[in-house]
Amino acid sequence: MIQRLLREPLFHFLLLGALLFAAYAALNQGGFGARDEILVSTSQVEGLIMQFERVWQRPPTAEERQGLIDSWIRDEVFYREALAMGLEQGDPVVRRRMSQKVQFIVDSGAPAAPTEAELQAFLDEHADKYRVEPTYKLQQVYFDLSKRGADPEAAIVAARGALESGRAVAGDPTMLPARLAGDATEVARNFGDDFARSLRDMPIGTWQGPVRSGFGLHLVRIDSRDEGRPATLAEVRSDVERDLMHVRTQAANDAYYRRLRDKYVVRVEDDASPPAG
Amino acid sequence: MNAAKLMIAIVLITFGHQAIASDVGTLDKATAEKAHLSKPVYSPYAGRNYPQRPLFGDTHLHTSFSMDAGAFGARLGPREAYRFARGEQLNSSTGQPVKLSRPLDFLVVADHSDNMGFFPDLFAGKPELLADPTGKKWYDMIQSGRGGEAAMEIIVAFSHAAFPKDLMYFPGSSKYRGAWQATIDAAEEFNEPGQFTAFIGYEWTSNTGGNNLHRNIIFRDNGDKANQVDPFTVYPPYGSDNPAKLWEWMSAYEQKTGGRVLAIAHNGNLSSGLMFPVVESFGQPVDRAYAETRAHWERLYETTQTKGTGEAHPILSPNDEFAQFELWDKGNLDGSVAKKPEMLEFEYARAALKNGLRLEQSLGVNPYKFGLIGSSDAHNGLSALSEENFFGKTVPQEPSPERMTKPFFDNKVTGVKVMDWEVSASGYAAVWATDNTRESLWDAMQRKETYATTGPRMIVRFFGGWDFQPGDAHGRLPAAVGYAKGVPMGGDLRAAPGGKSPSFLVAALKDPIGANLDRIQIVKGWLKADGGLEEKVYDVALGDAERRKAGRDGMVPAVGNTVDVANASWTNTIGDPELITVWKDPDFDPAERAFYYARVIEIPTPRWTAYDAKFFGVKAPAETTMVLQERAYTTPIWYTP
Chain A
35 MIQRLLREPL
45 FHFLLLGALL
55 FAAYAALNQG
65 GFGARDEILV
75 STSQVEGLIM
85 QFERVWQRPP
95 TAEERQGLID
105 SWIRDEVFYR
115 EALAMGLEQG
125 DPVVRRRMSQ
135 KVQFIVDSGA
145 PAAPTEAELQ
155 AFLDEHADKY
165 RVEPTYKLQQ
175 VYFDLSKRGA
185 DPEAAIVAAR
195 GALESGRAVA
205 GDPTMLPARL
215 AGDATEVARN
225 FGDDFARSLR
235 DMPIGTWQGP
245 VRSGFGLHLV
255 RIDSRDEGRP
265 ATLAEVRSDV
275 ERDLMHVRTQ
285 AANDAYYRRL
295 RDKYVVRVED
305 DASPPAG
Chain B
-9 MNAAKLMIAI
1 VLITFGHQAI
11 ASDVGTLDKA
21 TAEKAHLSKP
31 VYSPYAGRNY
41 PQRPLFGDTH
51 LHTSFSMDAG
61 AFGARLGPRE
71 AYRFARGEQL
81 NSSTGQPVKL
91 SRPLDFLVVA
101 DHSDNMGFFP
111 DLFAGKPELL
121 ADPTGKKWYD
131 MIQSGRGGEA
141 AMEIIVAFSH
151 AAFPKDLMYF
161 PGSSKYRGAW
171 QATIDAAEEF
181 NEPGQFTAFI
191 GYEWTSNTGG
201 NNLHRNIIFR
211 DNGDKANQVD
221 PFTVYPPYGS
231 DNPAKLWEWM
241 SAYEQKTGGR
251 VLAIAHNGNL
261 SSGLMFPVVE
271 SFGQPVDRAY
281 AETRAHWERL
291 YETTQTKGTG
301 EAHPILSPND
311 EFAQFELWDK
321 GNLDGSVAKK
331 PEMLEFEYAR
341 AALKNGLRLE
351 QSLGVNPYKF
361 GLIGSSDAHN
371 GLSALSEENF
381 FGKTVPQEPS
391 PERMTKPFFD
401 NKVTGVKVMD
411 WEVSASGYAA
421 VWATDNTRES
431 LWDAMQRKET
441 YATTGPRMIV
451 RFFGGWDFQP
461 GDAHGRLPAA
471 VGYAKGVPMG
481 GDLRAAPGGK
491 SPSFLVAALK
501 DPIGANLDRI
511 QIVKGWLKAD
521 GGLEEKVYDV
531 ALGDAERRKA
541 GRDGMVPAVG
551 NTVDVANASW
561 TNTIGDPELI
571 TVWKDPDFDP
581 AERAFYYARV
591 IEIPTPRWTA
601 YDAKFFGVKA
611 PAETTMVLQE
621 RAYTTPIWYT
631 P
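Line by line, the protein sequences are chains A and B.
Residue numbers for the first sequence, in this note's numbering: 35 to 311.
Residue numbers for the second sequence, in this note's numbering: -9 to 631.
There is no bait here: all hints are sound.
Dumping the calculated DSBU-like pairs for lysine-lysine here, alpha-carbon to alpha-carbon at most 35 Å:
| # | chain 1 | residue 1 | chain 2 | residue 2 |
| --- | --- | --- | --- | --- |
| 1 | B | Lys127 | A | Lys135 |
| 2 | A | Lys135 | B | Lys396 |
| 3 | A | Lys181 | B | Lys526 |
| 4 | A | Lys181 | B | Lys475 |
| 5 | B | Lys604 | B | Lys402 |
These aren't lab readings, by the way, just hints derived from the structure by calculation.
All values derive from a computational prediction rather than experimental measurement.
Go ahead and model the full structure; you've got the sequences and the hints to work with.
This is the structure we're talking about:
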């Protein structure tokens, strides 16, 4: 039994280890426990100082410098102990953070800049999104339903007649602009979407309506309308470039995730939800 | 990993206190005229240099770059946040399609500076990087489309301490970048002067003991200045939880870059009485230097947001029938400290405005002469705050059949519990800027020409002067006469002309797609000769005025209620679409310091909880608020004898 043990490689290994351990302990002042090294390298210190300077716009004093180093060491000790105790396990914040870091790295690997032709193709493909909105010059006369009672119809008909014969009509007092020049978004900002939509096909140069808004009823005259049209690349270049890069980054990230995902066999113990790709 | 370790440090270093002895920001008529040309010309539209319409935005939105937001599951970063604010449809972090009813005019992505994800930018092809063989190899891999592989190598190198030392840090250069740079880049990319303003900013998150003293920092500048500094944090030695240190950082930034920054104090309702100190702050007396410095940097106050509204509290304002609104008054941010009534005075805006008058009397400077704004503090990258389109404060609170029934926090030790249904769909900042640019918006914030809304985009004008006449309200061009004869919100009135009382021109136009208006009120606070502080709320303009007369107690009958909770609907058959009036203070004493601000109240509408109950077909917990009256609060106009 003993002889067999003496021939066992594991025994040799353990024996050697014990010898090494004893020698190390004897040579080290710390005696029994072997101690890990924490090296605060020059570049580490420079990094600490640089970080400080970027926040405070001045170099740290000697005392502050020492404080930075001491606190870094203190953190490093706690950090290593935490890892040794496995405290990062099952911590949703750490988990999310690590995942986020990988995504940061992947995001930083920006895809190649698009060529002119690619930009044009992307614009053509998404022409609706970049359409130049119609712009309007319009006038409106406002009728406040809360002041007009149940039947504003007569007043509106009368006002319309007057307007058509070229007379000025004040309508009900309001802070809403009597005249407005701007694109459809600007019209919607002032009068709401429904009102803006009703201008799209309205005849130009005559009083129309009443048109309903969130404020009440309006007689509207469009003095001019520049119809919307597809944008040229020159007009929306930076938007198209940004959006195309966004699409490419998304695609690259997805592809990267797929590659990582393929390294795993995923098993979900839930009949209702088979693993999504 | 090393980068993350580097970030965290625990040691206290005290810096010398540095008072900023300069103006504390008054906006009198002369200054206002410089900002808004008011020389008379015949055409009412020519030379209109004053703001034509308020710009609406959010000064306080978190994305996945914020540690806590990420931990909550936020997947949308700053770029997505800007896209959404500009009106694009996105998929939320819970995979739900979402779009705003209309674009915002501006947005500040204000992620927490502490632990803001940051990572050395090793991918930009910098000469220092390419000089290192490993750096060159990674760079080439990325350039040839193998960025993913390079990323894996880098991660492995980090985690095994095999990362080339020469690549770790580049002292004195700007190569050491990460989420802050990404935040700046996103803002630069989506900032479109004239169309949409993407501000550079961050949130400084002083939260010691769960007492919320956060501040949002907004840069007037572009990335070339903002990227010369790292955001101020809380963890020492780089940071501190003391606001006075933040002000030092702001000063250092301006001195170094020639840029400008301002701070917006977070809603103080979860600060355990620490937001508006009157005696001492972090061991230092609230003295003249404190007052000057605070007033210099902290221009605005976040009066309403998802974590409740902090304008007024019923205990402080028992005669204010509208003070009971979206209150979070049970404890602090994590529920670790229960609220005591004596804390309220130092947490709510109106009380702070009042205490400011008294401090001004004794110190010569008013530290609490702030403007009012609302913002979201949402943590999911989505500034979606209308009741019918509310995407919650955090990702778990995005729309779901369960979201009303869960606790937001539940502290078993103190018994402080806040339910998710108590989260508010609030608010936005309205800014009277002349142009939609960083500079113009920032300048308007700096002069405090702003108001808070709890979500709707009503238009509110408010001017104070000595000569407003009832007829000034008839022209329905309040801005023209307002700027000509008085000062706008955020302004100052001084030296009352003999025998005159201040008069105010106030006007409100409902949100084009929102509810009618119940009333406009003017809230006055003043300091009496005996040192006592008073407040009074005046109803100055009423919707349906003809059928609502004040009773003998001075109270006006309620506007009514058309809300059908079960169908989450209402009608604009009560109230008025717009209100305008001139009001003169009937109780004015020229010897007493005072402030006046306008509060605009909408008719009752369904709260987001009603929309949830209807959409998901679920029953809200019995105590849930289902109807509310949205509102706006303007920055005051101050009177100083």
